[in-house]
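As you go down the protein sequences, you meet chains A, B and C in turn. Numbers given in the numbering used here equal positions in the first sequence, counted from 1, plus 11. Numbers given in the numbering used here equal positions in the second sequence, counted from 1, plus 1. Numbers given in the numbering used here equal positions in the third sequence, counted from 1, plus 5.
Some clues are possibly wrong.
Claimed, not checked - With a Cα cut of at most 30 Å, we get these calculated DSS-like pairs of lysine-lysine: (1) 149(A) x 94(C); (2) 94(C) x 131(A); (3) 86(A) x 168(C); (4) 35(C) x 54(A); (5) 350(A) x 364(A); (6) 170(B) x 361(A); (7) 109(B) x 170(B); (8) 361(A) x 350(A); (9) 94(C) x 508(A); (10) 35(C) x 288(A); (11) 479(A) x 288(A); (12) 35(C) x 212(A); (13) 94(C) x 184(A).
It should be emphasised that the hints constitute simulated quantities derived from the structure, not laboratory data.
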Amino acid sequence: MFQKQLMMYLVFAMILAFVTGCNSGEDPSSQGESEISSETGDKSITLLFSFASTTIDPHQDWMGVRAGIAETLVKVDEDLDIKPWLAESWEQNDDRTWTFTIREGVTFHDGTAVNGEAVKASFERIMEVNDALASNLKIDTMEASGQDITFTTTEEYPAFVSELVHTNASIIKVDAENISEQPIATGPFQVVDFTSEAEVKLERYDGYWDGAANLDEVTVKFNSDGNVRALALQSGEADIAYHLPPETLDPVEANDNLRVESVSSLRAHFVLYNAAKPALQDLHVRKAIDLLINRDVAVSEIMNGHATAANGPFNPDFAFANNEEPESYDPSQAEALLKQAGYEKNENGKLEKDGESLTLTLATFQGRPELPLMAQYLQAEAANIGIEINIVTVENIDSYLWDQQDEWDLATYSMLTAPRGDGGYFLNVAYLPEGSLNPGQINIPELNELTQRLNVIANVDERVALQKQAVEIIQEEVPQSFILYPHIIVGVSERIKNWSPGSEEYYLITNTMDVE
Amino acid sequence: METAMMKTSRLIRNPNMSIGIVLALFLAGVTFFGGAFVPHDPFQIDMNNRLQGMSSEHLLGTDQLGRDVFSRIIYGAKLTIGLGMFAIVMAICIGVPIGLLSGYIGGKIDAFFMRIIDGILAFPDFILAIAIAGMLGPSLTNIIIAIVLVRWIVYARVVRGLVLAEKEKEYVLVSKVSNSSSFKTIRMHLLPQVMPDIIVMAAIDVGKVILLISALSYIGLGAQPPIPEWGAMLNDGRGYFQVVPSLMIYPGLAIMLTVLCCNLLGDGLKSYFDIRKGRDGL
Amino acid sequence: MRVLSIIGSRFVQLIIMILVLSFVTFLLMKITPGDPIRAILKVDDMISTTIEEEKLMKEFGYDQPILVQYGQWLWNVAQFDLGESVIAKRPVLDMIMSRLPATVALTIGGMVVLFIISVPLGVLGAVYEGRWPDYVSRWIAMMGASIPSFWLGLLLIYVFSLKFNLLPVMGTGTLAHFVLPSITLGIAMSPMYIRLLRERLIATLQSSYIEAAKARGLRKERILLFHALRGSLIPLVTMFGLSIGSLLGGITVIEILFSWPGMGELIVNAVMQRDYPVIQGYIIIVGFLVVISNLIVDVMYLMINPQIKQGKEVG
């Protein structure tokens with residue numbers, strides 16, 4: 012009897028072994044033994060990032076440049092000015108042609124030199140695998156000779172050089188095998204191992220053209236839960252944790268071994284109005300809601316001070332932003348505006364006009380945990396003066412806003428308003444009627460005309476002047492209510508030296524960063 | 002036959018049952034009358050009093066928007082417990098008739114039906130609920146739809162099994178032969194036979210559903226703000242649990258107490274009805 | 006012959022499960038608004054144009070009628086092709102298989118904890134039936150069944166990772182990573198097993214062959230350990246085989262809580278991003294796992310059942 016039972020257990024054990032055995036090569040217990048490799052004298056750090064990568068192909072995922080694996084021809088510096096990177100210089104030949112000269116001595120991780128031909132091949136691959144970037148770059152033809160490469164665009168395109176900053180426009184060795192997991196490029200670190208949606212392990216590339224990195228090893232891990240990232244930083248599992256939610260900062264700040272770095276981002280949080288809704292087509296109503304937003308409290312309480320109150324789409328640090336004070340919180344003024352618009356309080360204390368009460372649906376999402384809080388705050392303020400707001404929290408805000416355009420009136424939203432140090436992108440995608448990020452169907456003819464003019468102007472001063480005008484129109488029309496510019500909040504271990512986060516979030520791992 | 006008195010005293014003598022009844026009375030009191038005694042408006046936002054600790058003013062402190070946690074938990078009892086019960090009642094209303102009919106009719110229809118049900122039952126119900134709720138979009142209504150969709154099957158399955166065992170017994174056959182309508186046979190003879198099992202399952206299931214709702218809320222598919230459903234409160238308080246652990250602890254305790262109450266009642270009722278077979282309702 | 010018919014009926018169950026569930030999810034996905042195309046285009050604030058959208062729709066075949074799409078998918082599945090993830094652009098089978106080891110590893114960890122918890126408590130309950138250790142054991146089981154597992158996990162993180170800084174918060178890697186998720190899973194699963202073991206032990210201890218062993222003068226501890234407990238473990242293993250489905254469900258929340266890169270995390274992300282091929286693929290793989298484990302239980306029963314009866318007589 013005992014033997015039969017023993018056999019049964021063996022069968023069971025075999026099944027388990029079979030199931031595990033199928034994939035024993037990737038058994039998780041065999042991963043990550045180098046967790047504390049600093050003990051062996053190696054300098055290694057772990058960076059914890061919020062967006063998981065499913066591929067590390069630098070032409071398709073941002074982590075290639077972010078993790079210091081790949082590099083682009085040009086980069087932006089702290090002031091978001093364009094600076095040479097793999098290209099040491101460039102010149103514009105005419106409205107459609109540019110010639111870039113690639114730095115001598117740049118090598119791929121396998122030691123081969125980078126020349127014009129390699130750059131051309133890299134861009135050819137971009138056209139193949141990344142439709143969105145391809146349509147953005149508008150490259151017509153390319154010609155390589157020696158260290159030079161000449162681009163010709165399909166149309167007059169003043170923004171071409173700044174588009175090359177895009178991390179997917181990076182230079183990689185195109186004939187390498189398995190680019191999605193083991194790309195070969197020019198950065199200070201090369202990929203040792205990549206586990207989709209979990210981590211990238213990197214080691215120093217000794218032949219890096221700008222001086223080999225100080226660190227021996229870097230691990231970039233992904234975790235989409237901000238609370239977990241904060242906890243992992245405190246327990247020492249990560250040395251740098253990106254995008255910490257403001258509410259998790261107190262214990263991090265209280266910890267002597269940790270510091271919080273906070274830089275202004277290129278992003279704005281705002282309330283988007285659905286221009287297709289009759290109630291919101293009334294400027295008085297939009298202005299009234301704008302007055303109900305208490306920006307100071309949102310900054311100090313919800314964001315724990317890690318934000319700047321907003322007065323328009325662009326951060327006041329930019330030349331093309333305007334420097335007016337943000338709209339102040341004034342519920343009585345809001346009430347007056349609504350009265351002007353014809354709204355009266357009914358017996359239940361709700362505002363109503365022509366027998367219809369002012370009830371609005373506000374869409375929000377958890378992806379940025381502060382947004383639902385702002386939504387609830389606005390809901391409470393609105394209730395005080397008789398506007399009923401119903402909140403819906405959706406998982407995928409973008410498809411909701413587009414696919415259910417009839418259902419929402421307001422949305423808390425967040426966008427990069429000046430991704431490469433220029434507002435042209437945002438004016439195009441968020442305000443033009445056919446804009447790809449304009450689910451609220453905003454259509455302000457005056458602004459459209461201005462944006463079209465902006466698109467063909469290269470001169471920086473003229474661009475600034477036009478964008479300032481655009482901001483003024485936006486402030487008059489209130490198609491959105493800008494709440495604040497959030498900071499990028501990064502928790503950093505005190506052992507990390509020579510490193511601070513940049514607003515652009517393009518260059519996370521550098522050759523100069525170091526540990527004690 | 003036992004007298005009603007004896008039955009009641011047998012019911013109460015079971016220690017689990019008596020604790021369960023006390024808990025249930027307490028929760029019922031909170032659910033029905035709690036609203037009248039809450040010290041604060043559970044929806045009143047007060048940004049100047051965020052994340053306060055316990056005080057005489059705010060018994061369990063305030064949350065991330067300055068709302069009174071105690072008031073919200075009391076107010077949330079109605080929602081959380083009510084929703085759990087509602088979902089189970091709906092599942093019973095769908096599952097029991099189908100189970101009764103399928104078992105009573107028997108034959109190929111029954112066999113076909115049960116094949117499908119067995120197929121679905123073997124799949125993890127939690128994942129199914131995530132898939133349904135996830136695709137319908139996060140809201141309490143959709144969660145209830147998802148839960149009813151995955152739970153009714155269990156009732157249909159169990160009831161059908163009981164009916165199969167029961168319907169060949171003499172009294173049912175007599176009823177059939179004596180020209181009673183099928184409906185009457187089912188109602189008069191079969192339904193009363195399966196009732197005790199349904200009651201026991203339902204008692205335990207209410208607890209399970211509350212756990213299910215809270216888990217779905219934790220994943221982000223739950224109630225919409227500012228609704229103080231306990232699972233949603235747990236989810237909202239997650240980010241603060243280091244700074245103000247009470248935001249996590251008390252809603253969790255409330256859930257635990259309620260589920261415990263359901264389990265105690267279920268356990269007590271099980272031994273009261275003397276249901277021996279381990280029907281865990283999966 | 007008996008074995009063949011069992012295999013046959015389990016296979017039918019598998020087919021039905023996959024057909025019904027995949028069709029229901031397919032239908033649900035198609036009738037509810039929201040599609041993954043926009044999610045693809047919106048990665049990191051990328052620009053999208055309507056042309057691209059149409060192109061992608063064609064590429065994934067979303068411009069076809071629903072039934073054609075479903076038929077196409079089934080046809081591919083029949084050829085062992087689960088398709089490619091819409092978001093990650095990787096073969097679905099690869100994605101699921103790369104997540105399977107982590108889930109299996111956590112399951113084993115959970116089982117170890119489960120064993121450590123439920124055997125002593127079950128034995129206590131049975132041996133001291135009706136006395137205080139029995140009540141303690143039953144109350145622990147009762148409490149365990151009432152705690153939301155993710156809440157328990159959070160409390161464990163709070164105590165062990167933050168207060169004492171002993172164990173990691175997230176991810177996999179070292180053995181230490183296994184401790185908290187395994188404990189959470191083990192506790193969450195244990196109540197059912199404690200109860201079952203206790204009931205079985207009580208039944209076995211009263212049975213005739215144990216009486217016979219007593220009569221032969223064997224020591225009580227020896228009887229308990231070598232005869233009764235061994236006999237009672239069979240239903241436990243059976244139960245494990247039959248409840249693999251609910252285990253895969255329960256493990257999901259724990260995987261999300263601890264950022265454990267298993268199948269549960271994969272499916273939740275897929276649902277959120279409406280990544281149809283991954284959801285459908287998951288249904289197939291899980292259906293397969295569940296049916297296989299049920300089948301194994303069936304066959305084991307067939308092998309053991311006559312033996313157990315015999316054992317009783319021989320004693």
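| In rising order, the numbers of the hints this structure does not comply with | 3, 4, 6, 9 and 12
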